[in-house]
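Student: Listed below are the residues making up each chain.
Number of protein chains: 2
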Amino acid sequence: MNKRDPLKNIRVVLAHPSHPGNIGAAARAMKTMGLDALHLVRPRRFPDPEADARAAGAEDLLRNARMHPDIPDALRGCAFSVATSSRHRELRHDLMDARAAARELVAQAAHHPAAIVFGNETTGLTSEEAGLCRVWARIPSDPRYPSLNLAAAVQIFAYELRLATAQPAPPAEPEFVPANFEQLDLLYRHFEKTMTHSGFFDPANPKRLLPRLRRLLARARLETGEVDILRGFLNAVDKMHR
Amino acid sequence: MNKRDPLKNIRVVLAHPSHPGNIGAAARAMKTMGLDALHLVRPRRFPDPEADARAAGAEDLLRNARMHPDIPDALRGCAFSVATSSRHRELRHDLMDARAAARELVAQAAHHPAAIVFGNETTGLTSEEAGLCRVWARIPSDPRYPSLNLAAAVQIFAYELRLATAQPAPPAEPEFVPANFEQLDLLYRHFEKTMTHSGFFDPANPKRLLPRLRRLLARARLETGEVDILRGFLNAVDKMHR
Numbered sequence: 001m002n003k004r005d006p007l008k009n010i011r012v013v014l015a016h017p018s019h020p021g022n023i024g025a026a027a028r029a030m031k032t033m034g035l036d037a038l039h040l041v042r043p044r045r046f047p048d049p050e051a052d053a054r055a056a057g058a059e060d061l062l063r064n065a066r067m068h069p070d071i072p073d074a075l076r077g078c079a080f081s082v083a084t085s086s087r088h089r090e091l092r093h094d095l096m097d098a099r100a101a102a103r104e105l106v107a108q109a110a111h112h113p114a115a116i117v118f119g120n121e122t123t124g125l126t127s128e129e130a131g132l133c134r135v136w137a138r139i140p141s142d143p144r145y146p147s148l149n150l151a152a153a154v155q156i157f158a159y160e161l162r163l164a165t166a167q168p169a170p171p172a173e174p175e176f177v178p179a180n181f182e183q184l185d186l187l188y189r190h191f192e193k194t195m196t197h198s199g200f201f202d203p204a205n206p207k208r209l210l211p212r213l214r215r216l217l218a219r220a221r222l223e224t225g226e227v228d229i230l231r232g233f234l235n236a237v238d239k240m241h242r
Numbered sequence: 001m002n003k004r005d006p007l008k009n010i011r012v013v014l015a016h017p018s019h020p021g022n023i024g025a026a027a028r029a030m031k032t033m034g035l036d037a038l039h040l041v042r043p044r045r046f047p048d049p050e051a052d053a054r055a056a057g058a059e060d061l062l063r064n065a066r067m068h069p070d071i072p073d074a075l076r077g078c079a080f081s082v083a084t085s086s087r088h089r090e091l092r093h094d095l096m097d098a099r100a101a102a103r104e105l106v107a108q109a110a111h112h113p114a115a116i117v118f119g120n121e122t123t124g125l126t127s128e129e130a131g132l133c134r135v136w137a138r139i140p141s142d143p144r145y146p147s148l149n150l151a152a153a154v155q156i157f158a159y160e161l162r163l164a165t166a167q168p169a170p171p172a173e174p175e176f177v178p179a180n181f182e183q184l185d186l187l188y189r190h191f192e193k194t195m196t197h198s199g200f201f202d203p204a205n206p207k208r209l210l211p212r213l214r215r216l217l218a219r220a221r222l223e224t225g226e227v228d229i230l231r232g233f234l235n236a237v238d239k240m241h242r
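Read top to bottom, the protein sequences are chains B and G.
So the first sequence is residues 1 to 242, counted in my numbering.
So the second sequence is residues 1 to 242, counted in my numbering.
Chain B extracted, bound-state conformation (with noise of 0.2 Å):
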């Protein structure tokens, strides 16, 4: 934790990317804006020449890139974390827009760890995967040809980030301890047992209720106290089955 400067807080997870160069690409966009954690889920090919090439003064970045094995990985201890996206039918998340999720970002991140996530060139995030984050965030754009190149985005959203760090930061909030994305993932790997012993859950028809409950977790801003309180619950749940 960083405690001057919250853009060190805020760490960019490009999700399987396809093409070296726009990791590169990205690297320079953040640098740029003053960003410096990048964290990589199973890029198809890093490192690699081109990626070098295009980062052009920011190889430090890649040099310094955490590797994971899957998005949560990539969000362990992070209280706060934006999905990226230009679609989503499913609007049951905050869908907030680039301005305004930067803003939300930074004041988390003079706190708290935090993180946004970027999808693959083609295919974006999986709605399960943008549904393990906090809130969702899109860039304006023209909506007959909204294709923004991966570097593109992660220069805009680097962009609104530094300039949301002049904006003056609301204090922490004394009272409220957030729940990082370990105990959230931990509380719904409980619902999930606890629901499937009790008969609720049926795992042989599971239709959409782990998915749903999981992004109602991420969505519901928990604290660390009300987590206990949860799991706590469940535990009296487990016992009764005994």
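Bear in mind the hints are in silico, worked out from the structure with no lab data behind them.
Hints should not be assumed to be uniformly reliable.
[Stated by the list, open to error] For each label pair, taking beta carbons as the anchor points, the in silico distance ranges come out as:
hint : chain 1 : residue 1 : chain 2 : residue 2 : range
1    : B       : L210      : G       : R144      : 17 to 25 Å
2    : G       : S18       : B       : R42       : 51 to 59 Å
3    : G       : G57       : B       : V237      : 50 to 58 Å
4    : B       : A220      : G       : A166      : 26 to 34 Å
5    : G       : E192      : B       : R4        : 46 to 54 Å
6    : B       : R76       : G       : K3        : 20 to 28 Å
7    : B       : R76       : G       : A172      : 34 to 42 Å
8    : B       : K193      : G       : T122      : 53 to 61 Å
9    : G       : G57       : B       : R42       : 42 to 50 Å
10   : B       : A204      : G       : P146      : 51 to 59 Å
11   : G       : S18       : B       : K193      : 56 to 64 Å
By construction, the Cβ of each residue, glycine as well, lies at the ideal position given by its N, Cα and C atoms.
We have chain B already, so just place chain G on it with the hints.
Tutor: Same frame as chain B, but now just chain G:
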């Protein structure tokens, strides 16, 4: 002139771009935000397969791109123009940030043709080239690494231009008919000639007089009638020498 969509009245001028890939990526960035008028001043390589590849669906902008021998030619007919740069040693010009410049550009483009000019990837715009424009604009960035990729800079300005169209357009100033680039250029040449004939300007010892005059006229926001007045005065001076 498109009265309904000011974005269609804004030319994006790329001066002396070195890399055709950047031209293609700039076209894509423009199209995502609803801009379509691409103007190229002596690109090193164009057309080029790399430009087409990076355009990724915006090849129509490349096909319709207008070619120019120099920046004055690209600015013909424009009543307002913005020069972009990350460096400005001389601050005699109006210097705006990207957001403010985009708002002004959209407000002007609602009534008159307008342009935004980007320099070469490595060298940017010379002071003289930038001095041809009405205002200068910069993208806020990390001073330790302000090196935005050309297409990334186009993307940010295009994004800000699109957001600016969401603001209500100010009404045209009914009394104000801004002089366009050619009228100002003729006025500049007239000054140059008359200053020379009058002995005020010594071509053998030019100092910085002509660039300063050029910049002054670009900045001054003259209207057509004022240009006529000044040229009438210069004509009168010219006759004194006969």
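Student: Does the hinted range 46 to 54 Å hold for G:E192 and B:R4 at CB?
Tutor: With a Cβ separation near 53 Å, G:E192 and B:R4 satisfy 46 to 54 Å, so the hint holds.
Student: CB of G:S18 to CB of B:K193, is that within 56 to 64 Å?
Tutor: At roughly 59 Å between Cβ atoms, B:K193 and G:S18 fall inside 56 to 64 Å, so the hint holds.
Student: May I ask you to test the hint 53 to 61 Å on the CB atoms belonging to B:K193 and G:T122?
Tutor: 59 Å Cβ-Cβ, so the 53 to 61 Å window holds.
Student: Could one say that the CB atoms of G:S18 and B:R42 fall in the range 51 to 59 Å?
Tutor: violated (34 Å)
Student: How does the Cβ-Cβ distance of B:A204 and G:P146 compare with 51 to 59 Å: does it lie in that range?
Tutor: holds (58 Å)
Student: Is it true that the C-beta distance of B:R76 to G:A172 lies inside 34 to 42 Å, as the hint says?
Tutor: violated (56 Å)
Student: Please check whether G:G57 and B:V237 have a Cβ separation lying inside 50 to 58 Å.
Tutor: With a Cβ separation near 53 Å, G:G57 and B:V237 satisfy 50 to 58 Å, so the hint holds.
Student: Is 20 to 28 Å right for how far apart the beta carbons of B:R76 and G:K3 are?
Tutor: Since B:R76 and G:K3 have Cβ atoms about 53 Å apart, the given range 20 to 28 Å is violated.
Student: Does the Cβ-Cβ separation between B:L210 and G:R144 fall within 17 to 25 Å?
Tutor: The hint (17 to 25 Å, Cβ to Cβ) is violated, given that B:L210 and G:R144 are roughly 45 Å apart.
Student: B:A220 and G:A166, beta-carbon distance inside 26 to 34 Å?
Tutor: Between B:A220 and G:A166, where Cβ atoms are some 31 Å apart, the hint holds.
Student: Can the suggested window of 42 to 50 Å be confirmed for the beta-carbon pair G:G57 and B:R42?
Tutor: At 26 Å between Cβs, range violated.
The structure fails to meet hints 1, 2, 6, 7 and 9 from the earlier list, while all remaining hints are met.
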